[in-house]
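Novice: Here are the chains, one letter per residue:
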Amino acid sequence: MLSKGFKELLGVELLFSIQILSGDNKVFGKLEGEIDAFTAPKLRAELESIEIVQGIDIVLDFKNVSYMDSAGLGIIVAFYKKVVKGNGKLKLVNLSNKLNRLFEITGLNKLINIEINKKVDL
Amino acid sequence: MGDFDYVELKIPAKPEYVRVVRLSISGLANRIGFLYDDIEDIKIAVSEAVTNVVQHAYKNDEGDIVIGCALYKGKLEIMVADRGTGFDFQKIKSNIGPYSNFENVPQLREGGLGLYLMNALMDEVKMCNENGFIILMTKYVKQAQVEANVERIST
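Protein chains in written order, with the working numbering: chain A, 1 to 122; chain B, 123 to 277.
Just so you know, not all the hints are guaranteed correct.
[What the hints assert, rightly or not] Sample of chain B residues at the chain A side, in silico, Cβ under 7 Å:
hint : residue
1    : V140
2    : E162
3    : I166
4    : S169
5    : E170
6    : V227
7    : L230
8    : E232
9    : L235
[What the hints assert, rightly or not] From the structure, some residues in chain B lie toward chain A, with a derived Cβ separation under 8 Å:
hint : residue
10   : P137
11   : E138
12   : R141
13   : V176
[As the list claims (entries may be wrong)] Within a straight-line C-alpha distance of at most 30 Å, the following computed BS3-like cross-link-like pairs (lysine-lysine) qualify:
hint : chain 1 : residue 1 : chain 2 : residue 2
14   : A       : K89       : A       : K26
15   : A       : K81       : A       : K98
16   : B       : K248      : A       : K98
17   : A       : K110      : A       : K63
18   : A       : K81       : A       : K91
19   : A       : K98       : B       : K197
20   : B       : K136      : A       : K63
21   : A       : K98       : A       : K63
22   : A       : K30       : A       : K98
23   : A       : K98       : B       : K136
24   : B       : K136      : A       : K30
25   : A       : K81       : B       : K136
26   : A       : K98       : B       : K132
27   : A       : K98       : B       : K264
28   : A       : K110      : A       : K26
29   : A       : K63       : A       : K81
30   : B       : K132      : A       : K42
31   : B       : K195      : A       : K98
32   : B       : K136      : A       : K42
33   : A       : K30       : A       : K82
34   : B       : K136      : A       : K82
35   : B       : K197      : B       : K136
Because the hints were derived from the structure by calculation, they are not lab data.
Here a beta-carbon is modelled for each residue, glycine too, at the ideal position from N, C-alpha and C.
Chain B extracted, bound-state conformation (with noise of 0.2 Å):
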């Protein structure tokens, strides 16, 4: 423990609030010293985390969704969870991923991309469906970027 700070939004589940939860992950992003190109990589990740829940987990409209990020030198973790029904990842797995010059115009997918643009742009994605529906995912700081930016981290 200590390694590293702390940060938990709780939002409705409501697209409306997908995009605050971006702009607010995007500047703990910029806080640890990721880069515009990788930070464009963790919004989108995080809408598409967020969207899944906000359209999977409550048939209602009603719940909250919680978004915790720990951040570390080199590092960030997000952690997309619902307070309520998980949805079936199995089923929703087996129809991700992208497209190939194989598949045929009317039969294009339309839905499924989220989970594979997860995978494509962070660096681990990681998913739980024990007690409602967790998915983690982590980005690493390049390198070259930790080094340029450890006086600032640091203090």
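Bound conformation, chain A alone (with noise of 0.2 Å):
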């Protein structure tokens, strides 16, 4: 019983969260939260619903992301694929230096288009 009344209250949709908004062949994604094993198939969801037309040009916020590890990395690559694929284009935005680090390590910053954010990482 405990251990039911646990994960309700820490549940995935309290961990992490992705709004999209679409329109004129732009999709602008905020993503909130942490982004590990738990929450990745979420992401993984969220990302497969977003449909991939010609000349789509995809932003994601990362502003709001306070965690991510090798599970987020893993879906951003496949969504990375399937979006070049699909002749669009993918970009991530605000990214926290240790985020931005994180793609340095695995030299994905050398694929993906990576905006840091400009602000100082506190």
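Taking the hints as your guide, dock the two standalone chains into a single complex.
Specialist: Below, the structure written as structure tokens:
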């Protein structure tokens, strides 16, 4: 009983969310929270729901992402492949220094268009 | 013996507990004087280790993971162990590494970054696959930090 209640209190919904706005061949996704093995399936499902059409311009905003590890990176890579295959564009914006470092260490910054947060990262 | 404090966590091998481990380790790392950037590195490395065990060690989602932390003056050792079936480390190892410019987009791997990140973020990473799978990771507190915090650590 107790463990069931605990799971409900700290469910995926409270740990990670994504808001997707779209129109005029542009998509803006605002991510918020932590992306790890627990919340990654939600990120994958939400990104998969975006229909990739010729020339689509997608921006994902990481400003409010406080944590991400390889579970999230793998999903971003899969989504990037899908967008490129569909002749679209993907840009990641407002990455904190610590998130950007993950993309640097893995070499993904050389492939994916990334803008880091211009503010001082505390 | 006696030159370190030992803290152990035992969690169900489920993805919802990876965060709990990460937050606990963050507190321990802070306690022995690691600064923000290094604590972030340790959080990611330990999450990768635990996630690996969650995803590979138990086929039927049943079992526990033990995370042992040895807190020394100036270093933190973290051991992540399953208590059951190990996974094929060599097979996984052959599929890890950073992305390079030479990889073209359709061939980009979507997994295999976890072990690579652990190696990149910690000072030492060792693995053992006898009687279950164990990952042992070490991170040293940078010298300037040790000196600045030495009084607090010794209390």
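Novice: Next, verify each hint and record whether it holds.
Specialist: So, going through the hints one by one against the coordinates:
1. V140: holds, 5 Å
2. E162: holds, 5 Å
3. I166: holds, 5 Å
4. S169: holds, 5 Å
5. E170: Holds: closest Cβ of chain A sits about 6 Å from E170(B), inside 7 Å.
6. V227: Because about 5 Å separates V227(B) from the closest Cβ in chain A, which is inside the 7 Å limit, the hint holds.
7. L230: holds, 5 Å
8. E232: holds, 5 Å
9. L235: holds, 4 Å
10. P137: holds, 4 Å
11. E138: holds, 5 Å
12. R141: holds, 6 Å
13. V176: Where the cut-off is 8 Å and the nearest Cβ of chain A is about 6 Å from V176(B), the hint holds.
14. K89(A) / K26(A): It holds: about 10 Å lies between the C-alpha atoms, which stays within 30 Å.
15. K81(A) / K98(A): holds, 24 Å
16. K248(B) / K98(A): OK: K248(B) and K98(A) at ~25 Å, within 30 Å.
17. K110(A) / K63(A): holds, 20 Å
18. K81(A) / K91(A): Roughly 13 Å between the alpha carbons, so the hint for K81(A) and K91(A) holds.
19. K98(A) / K197(B): holds, 22 Å
20. K136(B) / K63(A): holds, 28 Å
21. K98(A) / K63(A): The given pair, whose Cα atoms are some 12 Å apart, holds under the 30 Å limit.
22. K30(A) / K98(A): holds, 18 Å
23. K98(A) / K136(B): holds, 26 Å
24. K136(B) / K30(A): holds, 27 Å
25. K81(A) / K136(B): Given that 30 Å is the threshold and the Cα spacing comes to 29 Å, the pair holds.
26. K98(A) / K132(B): Since the Cα atoms of K98(A) and K132(B) sit roughly 28 Å apart, the hinted pair holds (cutoff 30 Å).
27. K98(A) / K264(B): holds, 18 Å
28. K110(A) / K26(A): holds, 23 Å
29. K63(A) / K81(A): Satisfied, since the Cα-Cα distance of roughly 23 Å is no more than 30 Å.
30. K132(B) / K42(A): holds, 26 Å
31. K195(B) / K98(A): holds, 26 Å
32. K136(B) / K42(A): holds, 16 Å
33. K30(A) / K82(A): holds, 19 Å
34. K136(B) / K82(A): holds, 29 Å
35. K197(B) / K136(B): Between K197(B) and K136(B) the Cα gap is close to 28 Å, so the pair holds against 30 Å.
Against the hints set out earlier in the document, no violation occurs for any number.
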